[in-house]
Amino acid sequence: MGKYAIIVLGPAGSGKTTFCDTLQQSYSKKPSSGRYYTRTTHIVNLDPAAEDLPYEVSLDIRSECSSEEVQEMHNLGPNGALVHCLESLFMRDSTSWFSRNFGQFEDDFVIFDFPGQIELISQIPIVPELIRKLTSEAAYKVVVCFLLDAQTVVTDRNKYISACMCALSAMTAIEAPFISLLTKTDLLSREMMYGTEENHSQDSDDNENLKTLPTDALHTELEMEDYSRIFHSYLSCNFDDITASSAIKQGVPEARKKRFLRYTALTEKLCQVISDFSLVSFIPWSVHDEDSQMKVTDFLDHLLQFGEDEEVHEMESSSA
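Residues in the sequence shown are numbered from 1 upward in steps of one, following the numbering used here.
Rather than coming from a laboratory, the hints here were simulated on the basis of the structure. Just so you know, not all the hints are guaranteed correct.
[Stated by the list, open to error] Within a straight-line C-alpha distance of at most 25 angstroms, the following computed BS3-like cross-link-like pairs (lysine-lysine) qualify:
id, residue 1, residue 2
1, Lys269, Lys159
2, Lys29, Lys295
3, Lys258, Lys159
4, Lys141, Lys29
5, Lys159, Lys141
6, Lys29, Lys3
7, Lys295, Lys141
[Said to hold, decoys possible] Here are the in silico distance ranges between beta carbons for each label pair:
id, residue 1, residue 2, range
8, Thr38, Leu187, 27 to 35 angstroms
9, Ser88, Leu53, 20 to 28 angstroms
10, Asp107, Leu261, 56 to 64 angstroms
11, Lys159, Phe277, 19 to 27 angstroms
12, Arg259, Glu51, 40 to 48 angstroms
13, Ser99, Arg259, 36 to 44 angstroms
14, Glu51, Phe277, 34 to 42 angstroms
15, Met294, Glu72, 41 to 49 angstroms
16, Met165, Gly77, 19 to 27 angstroms
17, Ser236, Glu56, 45 to 53 angstroms
18, Tyr263, Ser233, 17 to 25 angstroms
On a predicted model such as this, the values are computed, not experimentally measured, just so you know. Just so it is clear, CB atoms sit at the ideal spot from N, CA and C, and this is done for glycine as well.
Produce the entire structure from the sequences given, and follow the hints as far as they go.
This is the structure:
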């Protein structure tokens with residue numbers, strides 16, 4: 001079958017562990033609609049402070065080092081202990097732990113469940129080092145899944161821009177195929193984003209760009225075109241009006257209005273980077289939506305080129 005690895009990243013609370021568990025269950029299902037999904041899957045837990053994991057762990061960092069023990073031994077905080085554990089396995093200990101454990105996953109799917117600290121991507125090259133070991137030393141095909149909580153990203157303009165820049169930073173730091181997912185989309189509704197039927201027809205400066213949906217469709221879940229409409233409105237809005245409105249509502253003194261103007265200019269430039277280069281896009285995913293799960297598994301197989309190394313068996317033609 002070949003060697004394939006999926007590295008799951010994202011902030012704390014974005015649903016990485018649930019995603020790993022659901023992905024493993026999806027790969028254990030029988031083939032449907034002529035598509036091949038069934039495969040042997042292993043999950044590697046790389047969070048030394050993890051508790052009560054829902055899936056069966058094939059390889060666990062907690063068997064090598066404990067976050068609590070490292071904190072006591074080196075007088076570190078939780079984040080420092082986490083970084084110390086991962087550095088000791090992937091950067092200081094260059095061969096033993098990796099070579100000792102990954103030989104058992106011959107021709108299997110391996111899913112890496114990473115902790116949510118952004119330092120692992122922005123400050124320390126732990127993820128790139130793992131990818132280098134997987135690709136060069138073990139001949140794995142690797143794809144990175146970057147997860148973000150849809151409730152945080154979709155419902156706020158500034159948080160959406162911040163999420164795009166975070167995903168873009170991770171993408172540029174990691175030399176591997178990359179996919180960004182919005183998780184927990186089942187907790188969003190059109191009514192939440194576009195307003196209730198009572199206020200849908202009322203004028204509101206904050207929702208002016210979003211109120212383009214018929215009221216009879218407000219009680220359904222968001223679809224792909226809804227996400228596109230919302231994100232487009234976030235990137236193409238009038239930031240001068242938004243900044244002035246925020247300054248008035250918050251009672252900002254006159255001396256601080258220059259800072260608001262600089263903030264507006266910076267935000268506008270960031271939006272131009274996001275929209276002009278079109279490097280960041282999000283795919284909705286929900287643990288309760290099997291269609292979204294199948295779309296993501298199909299996309300992952302495409303990025304991994306899954307099955308392309310398999311031998312082609314030609315059917316023997318029988319003569320009449």
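Self-check item: Hints breached by this structure
Solution: 5 and 13
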